[in-house]
Every structure is written in C-alpha cells, then in structure tokens.
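Each residue of the sequence shown is one higher than the last, beginning at 1 in the numbering used here.
These are calculated hints, taken from the structure and not from any lab test.
Incorrect hints may appear among the rest.
Subject to a maximum C-alpha distance of 27 Å in a straight line, what follows is the list of computed DSSO-like cross-link-like pairs (lysine-lysine) [said to hold, decoys possible]:
hint	residue 1	residue 2
1	K69	K32
2	K3	K48
3	K32	K48
What you are looking at is a predicted structure, and each value in this text was computed from that prediction instead of being measured.
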Amino acid sequence: MQKFDFAIHTRSGQRVDSIVIAGRDREDAERKLFQMYRNCTVITCTIKQPEEKARQAASMEDLLTLISK
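Assemble the whole structure, with the sequences as input and the hints as a guide.
In structure tokens form, the structure reads like this:
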C-alpha cells in the first residue's frame, strides 16, 4: 500500500496539513479521507516515498558469529 500526504480545508475553513493515509491508490485514500473529514476540499496530495533502511542486512556469517558467542 502506498501512503498519501494530504493538505485540506475543512468545511469550517480550517487548513489541515499533513494527513497521511494509506491506500491502494489515490481514490482509495481520498475515500478514507472523506469518511473522516466530510465536505472537505483537498488542496494538495503527494505520495510519500518509503524511507530507505539505514542499516544493511546482516550477512549469514555475522549472524553465526553472534550466535556462537
């Protein structure tokens, strides 16, 4: 699932930034958004990219060394 970052205006006129919603596609994420914020207006919508893992996966040798200690 992708994550979408929305900025909206609520029906009372308040601006709400950075509402992150997971969905299969943008339409699915907007459907979920409109269930929470009825009659809102979408200002912007961006796809959040998954963050890269900082650590590399340990090798099998490293794991065996840790287990044997």
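Index of numbered hints that the structure contradicts, given in increasing order
1
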